[in-house]
Amino acid sequence: MNATSLCVGLDQTVRGYFAQALSMLDSSAPPLVPLSRALLKRGDDSTSNAIIAAFACDSTFAAFAKNEMDGIIARDDEDAEKLAAGIREAVARGVLDPNPPVEPVCKVNVAGKSADQVAGEIVAKLGAEASTGCVLVLQGLSGTGKGTTVSKLEMLLPKCVCWSNGN
Numbered sequence: 001m002n003a004t005s006l007c008v009g010l011d012q013t014v015r016g017y018f019a020q021a022l023s024m025l026d027s028s029a030p031p032l033v034p035l036s037r038a039l040l041k042r043g044d045d046s047t048s049n050a051i052i053a054a055f056a057c058d059s060t061f062a063a064f065a066k067n068e069m070d071g072i073i074a075r076d077d078e079d080a081e082k083l084a085a086g087i088r089e090a091v092a093r094g095v096l097d098p099n100p101p102v103e104p105v106c107k108v109n110v111a112g113k114s115a116d117q118v119a120g121e122i123v124a125k126l127g128a129e130a131s132t133g134c135v136l137v138l139q140g141l142s143g144t145g146k147g148t149t150v151s152k153l154e155m156l157l158p159k160c161v162c163w164s165n166g167n
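Residues in the sequence shown are numbered consecutively from 1, following the numbering used here.
Just so you know, the hints here were simulated from the structure itself, not pulled from any lab data.
Any given hint could turn out to be false.
[Said to hold, decoys possible] Pairs of lysine-lysine residues, derived as DSS-like cross-links and limited to a Cα-Cα distance of at most 30 angstroms, are as follows:
1) Lys146 <-> Lys125
2) Lys146 <-> Lys107
3) Lys82 <-> Lys41
4) Lys41 <-> Lys146
5) Lys125 <-> Lys159
6) Lys146 <-> Lys159
7) Lys159 <-> Lys82
8) Lys107 <-> Lys66
9) Lys113 <-> Lys125
10) Lys66 <-> Lys82
11) Lys41 <-> Lys66
12) Lys41 <-> Lys159
13) Lys113 <-> Lys159
14) Lys66 <-> Lys159
15) Lys125 <-> Lys107
16) Lys82 <-> Lys107
17) Lys113 <-> Lys41
If you're wondering where the values come from, they're calculated on a predicted model, not measured in any experiment.
Produce the entire structure from the sequences given, and follow the hints as far as they go.
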């Protein structure tokens, strides 16, 4: 494996993602894809989109979704504060460089795209490195589709090894 790496930020904040989902709830459009056991078992972006569409006119669902969004945002903010405190402590102890080298970040706007499209964009940005070996760091806030994107990348890159700090 060579030293080439790509840091990809899923450019869609939790607030933006849920705002988009909540705006879909205001729509009176019928579900694009009917809910089924098979669709629910998939548990991917198409499942989420179908559930949102199926309950678009349900005020209880909209209230629940907003409550979940607020909880996710609060947890992400709390995690960020704890991480920042830990980094400050590590810098103070000399464990971390206060100004480490940072790889360029390649942002992928995920709004309105399927996880398959996002994964395809990432693989395209990797270029030949996708088959010769590289390191890919995928970052983004909770709810932006990182886990689903990784699942799609695993299908496109069968030799890849994945690790998540969420595991």
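Checked hints:
A C-alpha spacing of about 17 angstroms is found between Lys146 and Lys125, which places the hinted pair at or below 30 angstroms, so the restraint holds. For the hint linking Lys146 to Lys107, the alpha-carbon distance of about 13 angstroms falls within 30 angstroms, and the restraint holds. Using a Cα cut-off of 30 angstroms, the hinted pair Lys82 and Lys41 is violated, with the two alpha carbons roughly 35 angstroms apart. For the given pair, Lys41 sits about 18 angstroms from Lys146 by alpha-carbon distance, which is consistent with the 30 angstroms threshold.
Distance hint between Lys125 and Lys159 is fulfilled; the C-alpha atoms sit about 17 angstroms from each other, no more than 30 angstroms. For the hint linking Lys146 to Lys159, the alpha-carbon distance of about 19 angstroms falls within 30 angstroms, and the restraint holds. For the proposed pair Lys159 and Lys82, the alpha carbon gap of about 34 angstroms is over 30 angstroms, so the pair is violated. Between Lys107 and Lys66, the direct Cα distance comes to roughly 26 angstroms. Compliance with the 30 angstroms bound is thereby established for this hinted pair.
Note on Lys113 and Lys125: the hinted pairing holds, with a Cα-Cα distance of about 16 angstroms set against a maximum of 30 angstroms. With a C-alpha separation of about 24 angstroms, the suggested pairing of Lys66 with Lys82 holds against the 30 angstroms cut-off. Only pairs whose Cα atoms come within 30 angstroms are accepted, and Lys41 paired with Lys66 is accepted, the gap being roughly 24 angstroms. Distance check on the hinted pair: Lys41 and Lys159 sit about 25 angstroms apart at the alpha-carbon level, within 30 angstroms; holds.
Proposed proximity of Lys113 and Lys159 is supported: the alpha carbons are some 25 angstroms apart, at most 30 angstroms. The straight-line distance between the Cα atoms of Lys66 and Lys159 is roughly 39 angstroms, outside the 30 angstroms bound, and the hint therefore fails. Taking the CA atoms of Lys125 and Lys107, the gap is near 10 angstroms; set against the 30 angstroms cutoff, the hint holds. Proposed proximity of Lys82 and Lys107 is supported: the alpha carbons are some 25 angstroms apart, at most 30 angstroms.
Between Lys113 and Lys41 the CA atoms are separated by roughly 21 angstroms; this keeps the pair inside 30 angstroms, and the hint holds.
The earlier numbered hints that this structure contradicts are 3, 7, 14.
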